[in-house]
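There are 2 protein chains.
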Amino acid sequence: MAPPSPINFGILGCAFIAGKVSRAITLSPNSTLYAIGSRSYEKAAKFAKENGFPDSAKVYGSYDAVLDDPEVDAVYVPLPTSLHIKWAVLAARKKKHLLLEKPVALNVGELDVILEACESNGVQIMDATMWMHHPRTAKMKEFLLDSSLFGELKSVHSCFTFAVDKNFLENDIRVKPDLDALGALGDVGWYCIRSILWAADFELPKSVLALRGAVLNSAGVILACSASMQWEDGKTATFHCSFLANLTMDLSVVGTNGTLRFHDFVIPFEENKASFLTSVKSGFTELVTGWEPKPSEHTVSTDLPQEAHMVSEFSRLVGSIKFDGAKPETKWPTFSRKTQLVVDAVKTSIDRGYEVVEVKS
Amino acid sequence: MAPPSPINFGILGCAFIAGKVSRAITLSPNSTLYAIGSRSYEKAAKFAKENGFPDSAKVYGSYDAVLDDPEVDAVYVPLPTSLHIKWAVLAARKKKHLLLEKPVALNVGELDVILEACESNGVQIMDATMWMHHPRTAKMKEFLLDSSLFGELKSVHSCFTFAVDKNFLENDIRVKPDLDALGALGDVGWYCIRSILWAADFELPKSVLALRGAVLNSAGVILACSASMQWEDGKTATFHCSFLANLTMDLSVVGTNGTLRFHDFVIPFEENKASFLTSVKSGFTELVTGWEPKPSEHTVSTDLPQEAHMVSEFSRLVGSIKFDGAKPETKWPTFSRKTQLVVDAVKTSIDRGYEVVEVKS
Numbered sequence: 000m001a002p003p004s005p006i007n008f009g010i011l012g013c014a015f016i017a018g019k020v021s022r023a024i025t026l027s028p029n030s031t032l033y034a035i036g037s038r039s040y041e042k043a044a045k046f047a048k049e050n051g052f053p054d055s056a057k058v059y060g061s062y063d064a065v066l067d068d069p070e071v072d073a074v075y076v077p078l079p080t081s082l083h084i085k086w087a088v089l090a091a092r093k094k095k096h097l098l099l100e101k102p103v104a105l106n107v108g109e110l111d112v113i114l115e116a117c118e119s120n121g122v123q124i125m126d127a128t129m130w131m132h133h134p135r136t137a138k139m140k141e142f143l144l145d146s147s148l149f150g151e152l153k154s155v156h157s158c159f160t161f162a163v164d165k166n167f168l169e170n171d172i173r174v175k176p177d178l179d180a181l182g183a184l185g186d187v188g189w190y191c192i193r194s195i196l197w198a199a200d201f202e203l204p205k206s207v208l209a210l211r212g213a214v215l216n217s218a219g220v221i222l223a224c225s226a227s228m229q230w231e232d233g234k235t236a237t238f239h240c241s242f243l244a245n246l247t248m249d250l251s252v253v254g255t256n257g258t259l260r261f262h263d264f265v266i267p268f269e270e271n272k273a274s275f276l277t278s279v280k281s282g283f284t285e286l287v288t289g290w291e292p293k294p295s296e297h298t299v300s301t302d303l304p305q306e307a308h309m310v311s312e313f314s315r316l317v318g319s320i321k322f323d324g325a326k327p328e329t330k331w332p333t334f335s336r337k338t339q340l341v342v343d344a345v346k347t348s349i350d351r352g353y354e355v356v357e358v359k360s
Numbered sequence: 000m001a002p003p004s005p006i007n008f009g010i011l012g013c014a015f016i017a018g019k020v021s022r023a024i025t026l027s028p029n030s031t032l033y034a035i036g037s038r039s040y041e042k043a044a045k046f047a048k049e050n051g052f053p054d055s056a057k058v059y060g061s062y063d064a065v066l067d068d069p070e071v072d073a074v075y076v077p078l079p080t081s082l083h084i085k086w087a088v089l090a091a092r093k094k095k096h097l098l099l100e101k102p103v104a105l106n107v108g109e110l111d112v113i114l115e116a117c118e119s120n121g122v123q124i125m126d127a128t129m130w131m132h133h134p135r136t137a138k139m140k141e142f143l144l145d146s147s148l149f150g151e152l153k154s155v156h157s158c159f160t161f162a163v164d165k166n167f168l169e170n171d172i173r174v175k176p177d178l179d180a181l182g183a184l185g186d187v188g189w190y191c192i193r194s195i196l197w198a199a200d201f202e203l204p205k206s207v208l209a210l211r212g213a214v215l216n217s218a219g220v221i222l223a224c225s226a227s228m229q230w231e232d233g234k235t236a237t238f239h240c241s242f243l244a245n246l247t248m249d250l251s252v253v254g255t256n257g258t259l260r261f262h263d264f265v266i267p268f269e270e271n272k273a274s275f276l277t278s279v280k281s282g283f284t285e286l287v288t289g290w291e292p293k294p295s296e297h298t299v300s301t302d303l304p305q306e307a308h309m310v311s312e313f314s315r316l317v318g319s320i321k322f323d324g325a326k327p328e329t330k331w332p333t334f335s336r337k338t339q340l341v342v343d344a345v346k347t348s349i350d351r352g353y354e355v356v357e358v359k360s
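Residue numbers (numbering that gives the first Met the number 0), protein chains in the order written: chain D, 0 to 360; chain Z, 0 to 360.
Here chain D stands alone, though its shape is the one from the complex (with noise of 0.2 Å):
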């Protein structure tokens, strides 16, 4: 059987991060860059140019006219977080499949919206959580479900922070309350959240507390904070999100039996291979003078980047539907949506003064 077309992606916008999806879209063996639109025809052009479009790809002078592009399966949208109600929603009307650009919205309220939007036309919706797709993420998750090695999570670290320049601190769009209002919490702490789900196979805390010392610029946006979250079973995780520390990318994973850490869970520190480090039934040596076994360093190949793998299986999804009259798979927007839950739980409790907030799926 040959097969299937690819998968044709039209881009909403010329966002810095839509030349590294355009790169994995032309990598993922089943799509292809089809279309580019933005509100200037000639920053379009230019985007297409220096991305690697194909010559027969489409240039378009406004978003609404790749939405109107019969030929586009689906959008990559990585405008700001405030835009994402309107045009996931347009997207989805003309039924076009929806690789989402986190954080996925400004609350769960939106999010509602934007997925009650993919329902009722039958699209797939993906955020473009792209560390989700590196096959070391599956790997670790294999360790994690493993009860003879991993045993019972009982907490779980994660950190994202980097250093940004005055300049960001001024002009970017992360720190403006019309275009992307969660600022630091949307941009990295999405990812410190999304991992420690992940660690918890996405069983939801049932409270969510901000840590005081948040950092807030004049216009209200979050530039750095911290949030702890406490299970129904007793187990709990802590994570740290800032604009104002250097680059770090932690996720530690504890468990009754085993242990698992990386340093650079959202991007690895190289792009065809990926490491992490587990221990087992950690002890002592006699005199307690050393560990018994020592961690062990496992490397995970990939001839893909991550976001290629993610570009190529949400077109096979997209694939399965538009082909084979497949649903679309639920797995991804449950991820979002309690990606965001929790989002807005550590917002709640900063602008409540650190309270204690509870989590409602």
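Just to be clear, a hint being listed does not mean it is correct.
To be verified - Only pairs whose alpha carbons sit at most 16 Å apart, straight line, appear in this in silico EDC-like list of lysine to aspartate or glutamate: (1) LYS280/Z with ASP164/D; (2) LYS293/Z with GLU269/D; (3) LYS280/D with ASP164/Z; (4) LYS57/Z with ASP67/Z; (5) LYS293/D with GLU269/Z; (6) LYS293/D with GLU270/Z; (7) LYS330/D with GLU115/D; (8) LYS93/Z with ASP67/Z; (9) LYS293/Z with GLU270/D.
Stated by the list, open to error - Coverage of chain D stretches by chain Z, computed from C-beta distances (three or more under 8 Å per stretch; other residues unrestricted): (10) 147 to 154; (11) 274 to 282.
Source of the hints: derived by calculation from the structure; they are not laboratory data.
From the three backbone atoms N, C-alpha and C, an ideal C-beta is built for every residue, glycine too.
Please arrange chain Z on chain D, whose structure you already have, making use of the hints.
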């Protein structure tokens, strides 16, 4: 000049950890195992035989006899925490310098009685937090103090857990309210708090908040807990300590320019060398598909285990007092007291139902 005589150590009790410290006293060039005292003479004699005491060592059937021996310069006290106040004060009154196991006291009130006894009797006190003395610790401190490499401290996370068995949960002194009432907070949380204070250059946090989800046994002793701390200048820290999860010893210290991480902060994986990871001004490759620069690993070799470095430094200070008329070094009791203050604040926060507790020195 001939080297001065070694410092004569007496050991109070035959705790398991005393075996490790006895070996350290033997390994340290300026100390000697001089006496062991136990409530049982037979136990003391057996301990001396099994732990390399010289034939000339004194074996006593009581702690008092050790303190009454005029040749004993210093005592190592690994007794249950509830006994520290009695025996540490008695030792100080007998002019014995004090190497005191952690947690140093049940609370800062008791510690202050001990410290007052040491001060008024001119004896050195140091708590037995071994990792403070590893040459790796000094190397890491150089990194943290170099503002071009590390910059300003922003956040710390520390985790020390180990998984105990049923016997420990029922019988170990560390789960008994009349012996080591601080439980996991005193036994392992002590190290987390010390590591955070160390990273913060021993600036006390403004406030401490224990996080919901602490696990207490039926007698009210802490088996697992987490807490967060906040400083006046906005830096924050979290830690998790537990008897209920796989052995894990993580410390991550994030600054404006650099990040420091290691996974064996209390007891290095190996005795003769230890590593840590640093990142400095970390960034991404052009398309954000990898890191540039990547973190680097530093390995520090050591001829002596960290506990022998500890004994050696303690003995050097005792020797300066004994032979050169120096004053006791105040740095060590200050570190102990600050650690105890934060231990107390976490305990108070738990006792008050997870209220924020101001830390007052």
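Hints and how they fare:
1. LYS280/Z with ASP164/D: 12 Å, holds
2. LYS293/Z with GLU269/D: Given that 16 Å is the threshold and the Cα spacing comes to 9 Å, the pair holds.
3. LYS280/D with ASP164/Z: Holds. LYS280/D to ASP164/Z sits at ~12 Å (cutoff 16 Å).
4. LYS57/Z with ASP67/Z: 12 Å, holds
5. LYS293/D with GLU269/Z: 9 Å, holds
6. LYS293/D with GLU270/Z: 12 Å, holds
7. LYS330/D with GLU115/D: 15 Å, holds
8. LYS93/Z with ASP67/Z: Given pair LYS93/Z, ASP67/Z holds - Cα atoms ~7 Å apart, limit 16 Å.
9. LYS293/Z with GLU270/D: 12 Å, holds
10. 147 to 154: Coverage by chain Z holds here, the residue count being 3 at a Cβ distance below 8 Å.
11. 274 to 282: The restraint on the segment 274 to 282 of chain D holds, since 6 of its residues have a Cβ under 8 Å from chain Z and three suffice.
In this structure, every one of the numbered hints holds.
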